[in-house]
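Quick note, the sequences are listed as chains H and C, same order.
Sequential numbering from 4 applies to the first sequence in this note's numbering.
Sequential numbering from 2 applies to the second sequence in this note's numbering.
A hint or two may mislead.
Here are a few chain H residues that face chain C, going by a calculated C-beta distance under 7 Å [as the list claims (entries may be wrong)]:
id: 1; residue: 46
id: 2; residue: 48
id: 3; residue: 111
Facing chain H, a subset of chain C residues (Cβ under 7 Å, in silico) [to be verified]:
id: 4; residue: 44
id: 5; residue: 99
id: 6; residue: 101
When the alpha-carbon atoms are kept at most 27 Å apart in a straight line, the in silico DSS-like pairs for lysine-lysine are as follows [said to hold, decoys possible]:
id: 7; chain 1: C; residue 1: 69; chain 2: C; residue 2: 59
id: 8; chain 1: C; residue 1: 70; chain 2: H; residue 2: 81
id: 9; chain 1: C; residue 1: 70; chain 2: H; residue 2: 45
Since the hints were made in silico from the structure, they are not lab data.
Note that beta-carbon positions come from the ideal geometry of N, C-alpha and C, so glycine has one too.
In case you want the letters, here they are:
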Amino acid sequence: EPEVTQTPSHQVTQMGQEVILRCVPISNHLYFYWYRQILGQKVEFLVSFYNNEISEKSEIFDDQFSVERPDGSNFTLKIRSTKLEDSAMYFCASSGTSGRTGELFFGEGSRLTVL
Amino acid sequence: AQSVTQLGSHVSVSEGALVLLRCNYSSSVPPYLFWYVQYPNQGLQLLLKYTSAATLVKGINGFEAEFKKSETSFHLTKPSAHMSDAAEYFCAVSDGNTDKLIFGTGTRLQVFP
Numbered sequence: 004e005p006e007v008t009q010t011p012s013h014q015v016t017q018m019g020q021e022v023i024l025r026c027v028p029i030s031n032h033l034y035f036y037w038y039r040q041i042l043g044q045k046v047e048f049l050v051s052f053y054n055n056e057i058s059e060k061s062e063i064f065d066d067q068f069s070v071e072r073p074d075g076s077n078f079t080l081k082i083r084s085t086k087l088e089d090s091a092m093y094f095c096a097s098s099g100t101s102g103r104t105g106e107l108f109f110g111e112g113s114r115l116t117v118l
Numbered sequence: 002a003q004s005v006t007q008l009g010s011h012v013s014v015s016e017g018a019l020v021l022l023r024c025n026y027s028s029s030v031p032p033y034l035f036w037y038v039q040y041p042n043q044g045l046q047l048l049l050k051y052t053s054a055a056t057l058v059k060g061i062n063g064f065e066a067e068f069k070k071s072e073t074s075f076h077l078t079k080p081s082a083h084m085s086d087a088a089e090y091f092c093a094v095s096d097g098n099t100d101k102l103i104f105g106t107g108t109r110l111q112v113f114p
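Pulled out of the complex, with its shape left as it was, chain H reads as follows (with noise of 0.2 Å):
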């Protein structure tokens, strides 16, 4: 069954370091999303991509962060500097249609740590 990936599981940074999560969507979805979950708080919208450029995007994602489709398959999240604060749990989504009634097929998460 196709699936969304993301990589690293797992990453430990120090504080004004920049990170980069990486994500494959399932390969024929148009549309591509980066949620995050800070510990004990609610899954937060961060970005939709479309048509290799943002839709919409959220308060969150200010000028630390971009997103990138450099080569067709992959989905880039960059953090600049990162901040204590950006310690949190990333997901990354993909959807065949707008995801305003379509399904998203979220990854496993990646786990961002700031130190």
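Following the hints, position chain C against chain H.
Just chain C now, with coordinates in the frame of chain H:
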């Protein structure tokens, strides 16, 4: 603004007992509502969704949910819990106009033998 509230961060039931996980929503427009499940060390998986068709929605693994506009609720139920149902369950809402899902804080279901 849309939101969902999940009452009870932890729910424990015996195997074979009724499962009831509560979700209330707030939306200024007719909502689209979803239940996702997360098994240990896995991603979020869609259980079922309501998108303005039948108010009683059946999902995978014997779960169902009923949309009640008068109560602004979308509670998840299963008549008979199984050990394999132990997981975290998330209710989510969208307004149908954007890709963004608004999630609740989740309810961890424990099933005892």
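query = Which of the numbered hints are not met once you compare them with the structure shown?
reply = 8
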